[in-house]
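Student: Spelled out, the chains give:
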Amino acid sequence: MSRKLILGIPNKGRLQKQTVDFLKENGLEIERGRGDRGYIGKLIGYDNIELIFLSPKEISLELMKGSIDLGVTGLDLINEYVHLPDMNIHNILELGFGKADVVVAVPITWIDVMSINDLEDVIYNFRVSTGKRLRIATKYPNISRNFFEKIGLSDYLLVDSHGATEGAPAYGSSEIIIDITSTGSTLAANQLKRIESGTILESQACLFSGLNRNWSKDKMITLSGLLNFLGSDKAHISKIVSLLS
Amino acid sequence: MNKAMDKDPSSIREFFINKGYTFFNPAMTIPADIVMNFMGEDVRNRLLFTSSPSGDELCLRPDFTLPLAISYINNEVQANKFVYDGYAFRFPSINEKTRYCPEFRQIGIENFGDINKINVEGDVISQACEILSSFYDDHLEIKISDISMFYQLLNHLKIDTYLFNRVRRLYWSGLGATEIKDSIKKIINTRFDAKPRLDLIDEYKNNNLSSTALIQKLTGSDDLSIFSGRRPDDIVKSYIDKSELINGTMINDTVIEQITEFLSIKGDISRVIELLDNFQKKYHIDFAEGIENLENRVKILKKNQIAKDMIEFNATLSRKVEYYTGLIFEIRTKDENKNEPIAIGGRYDKIFEELGSAEPIPAVGCSIYVDRLLFDEGDNES
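For the record, the sequence lines run as chains S and X. Note that this note's numbering has the first sequence beginning at 80, numbered continuously upward. Note that this note's numbering has the second sequence beginning at 2, numbered continuously upward.
So that you can see chain S by itself, here it is in the shape it has in the complex:
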């Protein structure tokens, strides 16, 4: 088994840029093998850490499988793609960027829907009056299902959506949506609004580790060093170390 610590880094998009910037701010420079299209790399000056560039979704999946030790990805993707995240993944450090909420959003014309309670009435009446279930477009089917199961609601139908979820009610492929939003401006532009108690998850980018990975002493030392660099205090580091060992 490799003695190097394998760290998954987002390979594209805003999350990648923010991650690189964040590491830079903390004095860590990334060297990506074979330029921007390489899938492996390293942190300059830290030979014990190997970087793998993956999509944020793949980072969630690989953490669960245990093929990488650490990964930077969104809390939303961990909750969506990892089965029982509390038992399989540990959130080591909140990184403070990529902040956004996974929310239930309904048309602003639904003036009678202010909260999840009101939505429950609409969902129920929708089925009774139309004989159909209310459709919810989302790229988070698992998060959505868990949310509704918790509040005891099942009269809905999830519609898979990949990108441009906010437009689904406009072109009639769903009645409401569950999506990620930071400023809410895309929701507003699509005549949608958030509702009370409709925030399912407050997400941000975090450093995660899988719990089923074998943590050797060497790797643990490397991790402690990395966390130290990223600004964790001693108490937090020893807490993480005891949790993983």
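Calculated from the structure, these hints are not laboratory results. Mixed in with the good hints there might be a few duds.
Claimed, not checked - Below, computed lysine-lysine pairings styled on DSBU-like, alpha-carbon distance capped at 30 angstroms:
(1) Lys187/X with Lys211/S
(2) Lys339/X with Lys229/S
(3) Lys211/S with Lys351/X
Fair warning: this is a prediction, and the values are worked out from it, not measured in the lab.
Let chain S serve as the given structure and place chain X on it in line with the hints.
Tutor: Relative to the frame of chain S, chain X by itself:
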């Protein structure tokens, strides 16, 4: 002593055939919409969906009553009393310890169309008990309930339709009396909390404002195109209903108290009749019919050698399926460690009308959970 291990469950099917029930194996899949309309939240969350080549959403049968009722209404079967034996499909709930796969065997009976309601109910319970006691001797207990009395109470309380439906759904979600009480309180406290624009509502009511115009004014936007399948008139009506509820709400502590007190009623039959009688006097509701039905069912059971002390009433009994309209019952073993009933049944008189029948057809049935019988033991080996 438990004899379940030595017995062939097919003997249950044979027993019912000898009692005059016709063996029938209904369809494996049914339209998902029908299932969604009849099943409680608990079952709905655990259904197995599939789709037909033409894209219709289907569901593997979560029980036998629905597909059998569909066959019956479509005249695919000629009898009125049926016994079935086969697999139904639901993902196991977290609390189920006896199975890990979604399929489970059920043997059960249905009696459609018999208007001697209380007699049929008594017979169905008695027959299920008779065959189950051949597995368990006398170590059985029967729990019964009557949902029609609860609906009677909700109507008597004259609560608004929003809360009525909510309480109804809370009931079918399987919560206990205290949890339902807490949930109702929470619902009331977080009711529609906007400051309603009474001026606009007045304008609307005086026909000076259209539904769409009212929505435009409230949202501050003239450019509204997304209503997601709801008519502006319906949205505005719902808005006004909810706004008016904030003020003149009829929900007070006595409503919650009555619901909680009723749902807490349980115990042996004599005690429960006393409690129901106290309840009807205290809150001026007429439970005479419900109490008489309860007494008559117990009389029939007694005639069929089922002792009164085997029977218990519990107002929050088994609420897995939403189609019950009257009697609900469970048969359990007296073993304290076994918390799952081995048979569940009841009356569902509305099922045929909701499936499209022009006339009401009374219906009673009972399902035996075969896997629970067989898995049930191993602890009698000593």
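Student: State for each hint whether it applies.
Tutor: To see whether the hints hold, each was checked on the structure:
For a cut-off of 30 angstroms, the pair hint linking Lys187/X to Lys211/S stands: about 28 angstroms separates their Cα positions. Restraint check: the Cα-Cα separation between Lys339/X and Lys229/S comes to about 26 angstroms, which is no more than 30 angstroms; the hinted pair holds. A C-alpha spacing of about 20 angstroms is found between Lys211/S and Lys351/X, which places the hinted pair at or below 30 angstroms, so the restraint holds.
In the structure shown, no violation is registered for any of the earlier numbered hints.
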